[in-house]
Structure formats: structure tokens, C-alpha cells
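The chain contents come next:
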Amino acid sequence: MNWPLVPQQLITGILNGGVIGLIALGIVLIYKSSEVFNFAHGHMVMWGAFLTWWFAGAAETGSELLNLPLWAAVMGALAVSVLLGLLIERMALRPMTGQPLLSIILMTLGLAQLLEGLASIAFGVEPKSNFPAPFSPGDVLVIPFPGAFGDAIRLKYTLVVAFGVALLGALLLIWFFNRTRTGLAMRATSENHEVAQSVGINVSRVFALSWALAGMVATLGGVLMAILTGVSLNLATVVLVAFPAILLGGLESLGGAVLGGVLVGLSQALVQAARPIEVRNSAEIAPYILLLIVLIIRPEGLFGQKRIERV
Amino acid sequence: MLRIHNIEVVYSDVILVLRGVSLEVPQGAIVALLGANGAGKSTTLKAVSGLLRSQQGEVTRGSIEFHGERIDRRAPDEIVRMGIVQVLEGRPLFQHLTVEENLLTGALFRKAAPRALRQDLDEVYSYFPRLAEFRHRTAGYLSGGEQQMVVIGRALMAKPRLMLLDEPSLGLAPLLVQSIFQVIRRINQESGVSMLIVEQNANVALQISEHAYVMELGRIVLDGPSAELQENADIKEFYLGLTQVGERKSYREVKHYRRRKRWLG
Ligand SMILES: Nc1ncnc2c1ncn2[C@@H]1O[C@H](COP(=O)(O)OP(=O)(O)O)[C@@H](O)[C@H]1O
Ligand SMILES: [Mg+2]
Chain A
1 MNWPLVPQQL ITGILNGGVI GLIALGIVLI YKSSEVFNFA HGHMVMWGAF LTWWFAGAAE
61 TGSELLNLPL WAAVMGALAV SVLLGLLIER MALRPMTGQP LLSIILMTLG LAQLLEGLAS
121 IAFGVEPKSN FPAPFSPGDV LVIPFPGAFG DAIRLKYTLV VAFGVALLGA LLLIWFFNRT
181 RTGLAMRATS ENHEVAQSVG INVSRVFALS WALAGMVATL GGVLMAILTG VSLNLATVVL
241 VAFPAILLGG LESLGGAVLG GVLVGLSQAL VQAARPIEVR NSAEIAPYIL LLIVLIIRPE
301 GLFGQKRIER V
Chain B
1 MLRIHNIEVV YSDVILVLRG VSLEVPQGAI VALLGANGAG KSTTLKAVSG LLRSQQGEVT
61 RGSIEFHGER IDRRAPDEIV RMGIVQVLEG RPLFQHLTVE ENLLTGALFR KAAPRALRQD
121 LDEVYSYFPR LAEFRHRTAG YLSGGEQQMV VIGRALMAKP RLMLLDEPSL GLAPLLVQSI
181 FQVIRRINQE SGVSMLIVEQ NANVALQISE HAYVMELGRI VLDGPSAELQ ENADIKEFYL
241 GLTQVGERKS YREVKHYRRR KRWLG
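Chains A and B, in that order, give the protein sequences.
Every letter in the first sequence is one number past the one before it in my numbering, and letter 236, counting from 1, is 236.
Every letter in the second sequence is one number past the one before it in my numbering, and letter 89, counting from 1, is 89.
Be aware that a few hints might be false.
[Stated by the list, open to error] Quick list of the computed label-pair ranges, beta carbon to beta carbon:
# : chain 1 : residue 1 : chain 2 : residue 2 : range
1 : A       : K306      : B       : L175      : 24 to 34 angstroms
2 : A       : S103      : B       : Q55       : 11 to 21 angstroms
3 : A       : I14       : B       : A113      : 38 to 48 angstroms
4 : A       : G110      : B       : E210      : 49 to 59 angstroms
5 : B       : E231      : A       : I308      : 42 to 52 angstroms
6 : A       : P100      : B       : P225      : 46 to 56 angstroms
Simulated from the structure, these hints should not be mistaken for lab results.
Virtual Cβ for every residue (Gly too), placed ideally from N, Cα, C.
Here chain A stands alone, though its shape is the one from the complex (with noise of 0.2 angstroms):
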């Protein structure tokens, strides 16, 4: 270990986290609702980026309709986005009632391409390096902390803005779920759909309602991570290191996907602070590695449900 890095690591992997729990708290929303596993959310995600970089006019190429500040930008995304969840909802998920899981669970996968596919049509395939930050790189938060590397941790004002949001966001989410009509609803739905249905709950609208939400989340997620590293197609992998969160967490939880997302955070960042190259270079699979450990032991991952088994 390098240690005077911890410190840093350690802060900047939990800050990290926070964005890769609110992108893993869209595909919870989606699974505890209908037990869909949505692999379309990383192009949800990256298509909520490009829309607010499109609203934002910082397509630049002369013929943009919109030169929106970045708020209203976002605002304008997620508006989109919302309208982009019912769709899909409506036009792949409602035809598909009834069918196997598996298959809709490969639905998903074929809607992953076609958002991609979309994204490149509408963007180009060129990775933007303009997303309206609100923040210059340069912008960094000193804490001083003696023996750390240069006694100080350094922040970059992006990243704790970030987390910040990601943050409240999720709050919001989690008191939304288990302090409302709407929520009481949508966690009724997710344990037994007929059931639901038997006490009045409209369970197409709950579905359709949960993937409007899941739009939202995923736009605010895109938005974070453009902020950090830009906007392009491939901002739809960062779902790669959003699924260990979730398993980690366990499916159904809300707040087990947020701290699992901080868990990958942590994980990724303490290996760059080894000495071996040969792990800092491994960061990217330390999460699965973390999530293997952890699902030995607890099968239902950290905050999942356990089945409930009586007769």
C-alpha cells in the first residue's frame, strides 16, 4: 500500500460511489416494481447526457435550437427522459405481459442497442469533451491532512457537487418510496403483482410509473457522470460497475444500492493506492472480486430480502 494515497482514495472513492449508487438505484427502481433486471439503464443513463449537452446547445454546429443554461438544460432532459421511460415502457415492456422473464429480460439487451444505435443517428459517434460544467476542472477543494501525499486531500469541486446530488437524490427517492401512497404502491406491486391488483392498484400505471422514475434517475446520473468525464456512447458502461453495486447491496434495496455503489467506489480507488502496478491496474475488476467475497457469504447480497419461507 501506498499510504500517504489513502486518504485521498479514500474520500474520492466514496465521492465516486455516491454517482454509481444513484445510476444503480434506476435499475432497483425498475427490478423491485416489475423483477425486470433493466440492461437498457446504462443507455438511459447515457442518453440523459447527451440530451441535457443537446438542450444545452453545446452541439455547436451552427443550427442548435436551444442555448439553455445547464439547470434548465437538465430540466429539458429530464422532461425527455420521463417521456423516454413511458415509452418504453409502453411500447416494449406492456406487449411483452405475460411473457417468460427471460425473454424480457433480453428485451432489454435488444433495447440497450437500439438506444445506442438512436444515440449515434441523433449525437455522432465522437466523444464531446463540451458538456457544460459548472465548475473548471481546475476548481479544487484543500483539506489539509497531515501525513497524507502533499498533507492534503484535494477535491475536485465536480465530484463533491456530484456526490452531493447524487445523494440527495437518492434520499428523496428512499423517503419517496416509504413515505408515500405512491410508494406504498409501487413496493405492494413488487411482491405480488395479482395481489396488488385485488386491492385496486392500477399495477400498468405503477409499472409505467416506475420506468418514468428510472428515466429521471437515469438522466440525473448521465448529467453527474458527463460533468466528471464527459459525455459519449460509452458513458453507458458505467452500468458495468453499477451491477456489482446492486448485487452487493441486494436486488431490492434502495439504500443497499446506494452504499453498495459507495462499496464499488471504495474498492476501486483503495487499489490505485497500491504499489504493485499490477494491482493498480486491476481496479476495474475489484469490484466483482469484493462482490464475489461478499455474495459467499450472504447470498441476498447485503440489504436484500431474504425469502420468507413458511407454510
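Please build the complex by placing chain B with the ligands on the supplied structure of chain A, with the hints as guidance.
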């Protein structure tokens, strides 16, 4: 208030399960629907509550009227809104929600104010004092009898005019069956909820109901005032034979139900 007129129900476009079923539930009455396993009792209830469709079932002939309005083409949530709520077989509750959350799901569609909800909860707790004690427990860990109380209480939270109960006695000890049926009668009398009760336990069902229908292979084969049916020799034999076979079959039903419950992936 409820009139089922000569309905035919088909599953998956080919499996004919109900072949001309007619029955009536008058306002304020308790009506029993008896019959062996597989006779089509649950199907009849689901035809009324609209839950058939999610299992590829369809009413292909006849009509169902509630207060003079056709309901056989309506969606389940609309039917609940009209005041009909079904308590499904096997007392399926939301296992991971607490008892109180389970009860509250029953009132979700009403969009009632918090204070009204509080009152409705108290009403349920007055019928089932045990549930008040367990209100914050995870429902999945309750005993069978307590779970039956939760699902009946949840239905009551909908403020229904008609309750469809599917085998509330299934797998419960005799003493518990008696006390559950006592509460059902009280709900009928005090809250004025009409009841259509499906039972294999003909004995208790005939005691509590005014009128009863007997079903066999998708048809009503017999009906009359419950007191008369209790004296009927056929019925005596019918349910004497049933108490033995019934137990085993109903256990299988529970299993079957479990496999089916995640129907809407
Ligand atoms: N979803 C379904 N698809 C096909 N057949 C069904 C379905 N549900 C029930 N059945 C069949 O319909 C018949 C009546 O079932 P049911 O109404 O559950 O009977 P009961 O409640 O009287 O035991 C049975 O033969 C059963 O196998
Ligand atoms: Mg049945």
C-alpha cells in the same frame, strides 16, 4: 346487488371452465358457494373481480351486473372502485410489508385523508385486536390465522359493499375457523358488507350464510336456503366425503398457487 347471469369462462382461449353459471347476492346477504376442488369456484369469483384477465381467462358468454351495471368487461381496479373486493385464496399478503402497511394498501385507491385512514385502521383493529398488537411486524412472519385476519382487514380497508372471500378456512385449525367466521358475520352485520363466500368447509359456510349454491364441473348443480341445504342428504354426503379429500387437495392448491403467483413478469 350482484347478479351473475349464465356466464361461460374460458382460459387461454381453449379451456372451458365455467359452463353457464348463474347466481345472485342480495344486498346485505351472506351467500355461500360450495363445491369440490377444481369445480370453478375461484374462477367464478375472479370473473366478478376482473382478476381473470391477468390469467388469460375471459368471460365469453353471459353477463355480470353489480347494482344494475355491467362489470364483466371492466378492469380490476375499476371494480374495486365500485365496491367489490376479493380476498384471494391462500391468504396472500405482502410479506415484506408490515401488518399496518398491508392494511393501508387496501385503501390506496381511495386517496383518503390520513385521519380517515386512522379511523378505518381502528375499525379493522376492533374486529381483529390481535393485529393492533402486531401492527409493526413484518407480515410474512405471522401465523396462518393472523395472515387470514390481515387479508380480510385489508379488504375491509377498501370500504367495500361486497366482499368475495375465497376459502378463508383453508388450512386453519377448527377453533380459529370459528372465530374468523364470527368476525365475518360481524363485518356483515355491523359494517353492512355483503359477502360471497367460497368454501370447501360446507359446514361452517352453511351456518353463516342465508343462501348457498353448489358447484360441480363448472355448473351450479344445486341451490337453496342454507338451512334447507344443511338437511339435504346429498349435501351431507358431499361434505362428509370432502373433509377427508379436501385437506390433502387444499394443501396442493397452496403449492400450485405459489408457483403461479408471479404471473406478470
Ligand atoms: N389460469 C388458468 N388456466 C387454465 N386453467 C385454469 C386456470 N385457473 C384454473 N384453471 C382450471 O379451471 C378449473 C377450475 O379452477 P378453480 O376455479 O380454481 O376451481 P376451484 O376454486 O373450485 O377449486 C380447474 O380445472 C383448473 O385447473
Ligand atoms: Mg379455488
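Exercise. So which hints don't hold here, by number, going up?
Worked result: none
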